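Start from the sequences and build out the full structure, keeping to the hints where you can.
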Amino acid sequence: MLEGYLPSLLQGLRLTVGVALLSLAIAVLLGLLGALAKLSANRFARGVAGIYTSVVRGVPDLVLMLLVFFGGQIAVNAIAARFGFDYVDIDPFIAGVATLGFIFGAYLTETFRGAIMAIAPGQLEAGRAFGLSPWQVFSRITAPQMVRLALPSFTNNWLVLVKSTALVSVIGLNDMMQRAGQAAGATRQPFTFYLAAGVLYLGITAVSVLLLRTLEARSALGVQQAAH
Amino acid sequence: MNLAAIAESLPNYLHGLVTTVELLALSLGFGLAGAIPLAVARASNVRWLSAPVGAFTFVIRGTPMLVQLFLVYYGLAQFEAVRASVFWPWLSSAWFCAVLAFAVNTCAYTTEIIAGALRALPAGELEAARSLGMSRSQVVRRILLPSALRRSLPAYGNEAIMMLHGTSLASIVTLLDLTGAARELNSRFYLPFEAFITAALFYLALTFVLVALFRRAEHRWLAHLRLQR
Amino acid sequence: MLLRPVARLATLAIAMLTLSGAACAADPATLRVGVEGAYPPFSAVAADGSLKGFDIDIANAVCAEMKVKCTLVQQDFDGMIPALQAKKFDMIVASLSITPERLKVVDFSDRYYKTPNRLIAKAGSKIDGTAANWKGAKIGVQRSTINDRYATAKFEGASIIRYTKQDEVWLDLAAGRIDATLVDAVAGDEGFLKTPGGKGYAFTGPSYVDPEFFGKGVGIALRKGEPQLKARIDAAIKAIRANGVYKKIQDRYFAFDVYGGQ
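One line per chain: the protein sequences are A, B and C, in this order. Basically this note's numbering = 1-based index in the first sequence + 32. Basically this note's numbering = 1-based index in the second sequence + 94. Basically this note's numbering = 1-based index in the third sequence + 12.
It is worth saying that the hints were derived from the structure and are not from the lab. Where hints are given, some of them may not hold.
[Claimed, not checked] What follows is a list of derived Cβ distance ranges for each label pair:
id, chain 1, residue 1, chain 2, residue 2, range
1, C, S171, B, L97, 27 to 35 Å
2, B, L104, C, K134, 33 to 41 Å
3, B, F173, A, G116, 36 to 44 Å
4, C, N255, B, V176, 46 to 54 Å
5, A, G79, B, S231, 45 to 53 Å
6, A, F76, C, A58, 51 to 59 Å
Since we're looking at a predicted model, the values are computed, not measured. Heads up, the beta-carbon is just placed ideally off N, CA and C, and yes, glycines get one too.
Below you can see the structure in the form of structure tokens.
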């Protein structure tokens, strides 16, 4: 049915998932840092975070990835030459993960920032009034509620991240998208193979949504929802 | 930095800029228009309303836009029946296929954003409206939707920007948008830096405009949620 | 104050990641070869994910002759030369024609095949290579190829639509989105006309051989300033032509001579 291309597609699937998870780890770290920086009283922190999110959110992933891949390689070559190394390879996997993590860190900054902002300010004031240290306010009041409030948007971001891994095929990574394209071109059946790739991506999504939905339900225990 | 090559390609970039903005505006417009009623259905308690919409958003959000675009553009054209149908003049145009794929995509994401905001509304607002004797549709129109739309602003701002970036995929199906112009420059003169940095600068400018617009909107409509310092 | 421990952790993580991404200098006894994988019968990807095709076989034969281990690296055609210059690979075996424009930025080995370029359109189409008949027509080409350059320069009045892969051109030609394509005659024949999707289509117009655009054949591209590598590759090509390896590879794909007369 898939004319023997299924094993190839599944190999691409593994690569896709690997890239997505690793990028997410980097993105969450950068997102937390960025959100805190943007909300802090420190002007410098706000400025740096502002530039980070503005620049990264201002350029398409495709363009950034090509810049990092070709330009980054040239830059590393130049630095390596200065130190006497012959050639230091920026492997497409590392380039893709670094770029995606860097990009989605900026989006998560906004997600976490929005979630923190949506926490009723009265709670933070009460916490401070009780003499809790800033770290205690964060860990006991802000963070748990931020997780609940950020989840819908975070789910969105994660799903977009998974999809964006498709662009890594542009810099030579033989992921699922690249393999579907090869099969489609060779067999002249684009519908079949892109549908197959779509189904596989849906598989990743289904698992993700299941996990995140459970998380959403657990963190919303005891909170009234405005259902109609 | 080879400025001469960039200068020579500027007309291409400007043409690409117009294409990008048109694609973005049309996709966001149609997407948002569709998302509002769909979001109301999605956040509703009524199973047969919320489930089909849920299935739609699940499938669209679960697959890359690139796959959706390829399915619409290359996939549909594979079938003789489609090529002979009355839709073909539309579907044979790369422009139409791109707008269709982009609009459907942003509609799904926006639906979930607004539905999430609808569900997260403080129950107190809803109770107050009901106690004032408002009808179902009045509650939705005057209390729920405005409030939900406001709360969706930060997330929708994200979505609008992601859609701006998404339009760069149009270059993959032969359209000459900003990224298309950059690929032309790169392929003619083998200057990846110049080509992509120029495109990046144009996208940055567009994004700043979008961000400024959304910041203005947030300032106006989310003033009540700003953190007290 | 909250940021400090978190920031420290972040810097550490990022540093570790960057360092782990750096591999040591490349082993001189291995070469990386850039190939396309979307241009049958010269290069294509089989169902099991492996690369096959005339270009692939020639690359492997040349490497065997030079007694080096070669790794094939796939790359989209329009990024081929930038990738070579960024040292992603050391040579390109992807049906790159030796043209004056390309010689400005890269070096070429001697040629390893030479075939003409032609228009393909629906049988009976009015497009026949004359200016009057291509006005207003949509001509599809693969971006960055000699066909792209020629069509852009010479086909005044026609719309040139550019695609990343030749495979995509075939899909749109069969769907009727474009009226014709300019392509290497062999790639067009084997990759389209002889396939079921190509029924009802035919070559039209003359053979295009203008050396300014179409060069003097297809060669292996390498970075400028590597005369030893060029000498080794040229010697290898000569050797496989002489010892029958070339003919064996050629016979696997073609029933005629692709090397092209002098």
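Out of the numbered hints, which ones does the structure contradict?
Number 3 - this is the single hint that the structure violates.
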